[in-house]
Amino acid sequence: MDRPDTPHTDEPLVAETQIERRSALAIWISRLEGPQTMGRGPVFWATAALVVLAAILYPLFSDPFAVGNSAYFMVWTFMAMGLGVVWGYTGALSFGQTAFFGLAGYAYGVLTINFGAAYGFTWIALMISVALGGLFAMLIGYFMFYGRIKGVFVGIVTLSVTLVLETFMAQTAGPQWRIGEARLNGFNGMSGMPPLTIPWPGGDVLLYPGVGLYYVLLAMVVLCYLGLRMLLNAPFGNVLVAIRENPERAEMLGYDTRAYQMLSFALGGALAGLSGALYTAWGQYITPSSMGLTAAALPIVWVAVGGRRDITATLLGTLAVLFAFQLLTVYGSQYALIVMGALLLFTVLLTPEGLIATAMRWLGRLVGRAKR
Amino acid sequence: MTEILSVSKLNKKFGGVTVANDIDFTLHAGTMHCLIGPNGAGKSTFFRLILGEHAPDSGTILFRGADITRLRSFERIRRGISVKFQVPGIFKALSVRQNLDVAFQHHLHGHNLSSTVKRVVEFTNLEAEVETPAGALSHGQQQWLEIGMAVGVEPTLLLLDEPTAGMSPDETRKTGEMLHDLNQRGITILAVEHDMAFVEQIATQVTVLHFGRIFAEGTIAEIIDHPGVQDIYLGGSDE
Chain A
2 MDRPDTPHTD EPLVAETQIE RRSALAIWIS RLEGPQTMGR GPVFWATAAL
52 VVLAAILYPL FSDPFAVGNS AYFMVWTFMA MGLGVVWGYT GALSFGQTAF
102 FGLAGYAYGV LTINFGAAYG FTWIALMISV ALGGLFAMLI GYFMFYGRIK
152 GVFVGIVTLS VTLVLETFMA QTAGPQWRIG EARLNGFNGM SGMPPLTIPW
202 PGGDVLLYPG VGLYYVLLAM VVLCYLGLRM LLNAPFGNVL VAIRENPERA
252 EMLGYDTRAY QMLSFALGGA LAGLSGALYT AWGQYITPSS MGLTAAALPI
302 VWVAVGGRRD ITATLLGTLA VLFAFQLLTV YGSQYALIVM GALLLFTVLL
352 TPEGLIATAM RWLGRLVGRA KR
Chain B
-1 MTEILSVSKL NKKFGGVTVA NDIDFTLHAG TMHCLIGPNG AGKSTFFRLI
49 LGEHAPDSGT ILFRGADITR LRSFERIRRG ISVKFQVPGI FKALSVRQNL
99 DVAFQHHLHG HNLSSTVKRV VEFTNLEAEV ETPAGALSHG QQQWLEIGMA
149 VGVEPTLLLL DEPTAGMSPD ETRKTGEMLH DLNQRGITIL AVEHDMAFVE
199 QIATQVTVLH FGRIFAEGTI AEIIDHPGVQ DIYLGGSDE
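Protein chains in written order, with the numbering used here: chain A, 2 to 373; chain B, -1 to 237.
The reader is advised that the hints may include incorrect statements.
Covered by chain A, per the in silico footprint, the following chain B stretches (three or more residues, Cβ under 8 Å) [stated by the list, open to error]:
#1 62 to 75
#2 80 to 91
#3 116 to 126
#4 145 to 158
Mimicking DSS-like on lysine-lysine, the simulated pairs with C-alpha atoms at most 30 Å apart in a straight line are [stated by the list, open to error]:
#5 A:LYS151 x B:LYS11
#6 B:LYS90 x B:LYS116
#7 B:LYS90 x A:LYS151
In short, the hints are calculated from the structure, not lab data. All C-beta atoms, glycine included, are put in the ideal place defined by N, C-alpha and C.
The following block holds chain A by itself, in its conformation from the complex (with noise of 0.2 Å):
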């Protein structure tokens, strides 16, 4: 048959395997860079690091309060970043990771309060209070996913589970609730757990809200960061895209969409559960009110200010929201929230990307044009 366009050869469209070279370090450092991920080349990644190094050098220009106020705000960018995941990756809007924030913030709580700070005990608790959040995260998204939920029902789904949460640990306040030594404590919450706690020889080292945990917060941030990079720019993280894209094409192109829906969701699980632990441990205090409805509400209006879609966007949008959330508070809690709401509507409706994912377009753009 007469074929000008494509003329047909015998090479199969498939390309016959060679065996890769590259080392799978290789592999993964070069997924820092990808389609999943803005930003690539010598500019981006030295600006990154002139801003990893001005927030290496802060604290040496500023008071141990900010510094620890700074610590404060990291303390939630795991939370924001995998919900970045769940929501602008993979498509599933979870109304609800405070859930898996508090769970695993009581975890750490019950642990350290029944087995102490010693020998880096602390450590290994903020580690099994991430799993939990994790695999609790992962049951969630089981039933959820394997049960065909989708669209805003998995909205109202993870803030029905969040709600339940708050209102079981809000009525826990008498002596029968308790584990171990560890007091639930209901609407007041729990106290008095140890913080973060470095075995050191000659003295522990005890990382109170100031500048060793600040240090300790921003080297977790970098590398949470750069690890999310490789992941979404990794096949898994292509294949979660996909499923936001179409889910139906995705199916049939051989993925099992609901298994990937709920390891995305676990991974956001065990992010937020991260966040959680890491909250008790820099206040050494947890209540219910962590769960409740405007708690869930606070990382939407991150993640959509940043910009859901790009993880470095949802980094930097989360920190300037917190900041101006703090600096609207001094004026009163209940105006810095009516601020927050006015901010999302003003983001969705005027750039649903988000402020700084539209806004790192946009220098994208003006750099492009002038290396031409």
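Go by the hints and put chain B onto chain A.
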């Protein structure tokens, strides 16, 4: 000739409406087989039953001799069935390259992945649009992209639901040539199609569905001459 797909006594009802009525159907390896029939005949439902999107009320589906009746969709795809939907099932926000990456990364990595993407891009005439978001392609190009995504997973059976819907005559002709090429590469093709000129261009065998049951089967010439098919589908006999 080897049977690649064998469907027996397949039944499906939605409420009181029978959409698959005791369907017995055999597809031989290496053929290009078209399913035709009036709107509502059950063609797309039959596809969805083969793909596992709908569970049959009774009956069995054998693919390459193995019973796949109870397998989930992605498990059937992994066994060698691939599909192109009527409405282009592409990832519109992703570029052509990213669409193909997602389609092939299941079994290809690194150099093997990139060289396969390059070959499929050439095969589907999309070299100039490789970094273009798929949603910005013309309708015909979107259809070709989806065919590319479907064949890169090395299927033995390719299901096409109205592959030329909305295409220009030139795009339709090119699509026909593309399918012949794929068939020569060893892929068995089963297509639902309304355009009889296109059916004549590609089909070696034709099956007519009517009210969820098989009404007629044969070569294209036999089907065109079939008086019953003329009455129900082809607009009546001139005689």
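May I ask which of the numbered hints given earlier this structure violates, with the numbers listed in increasing order?
none
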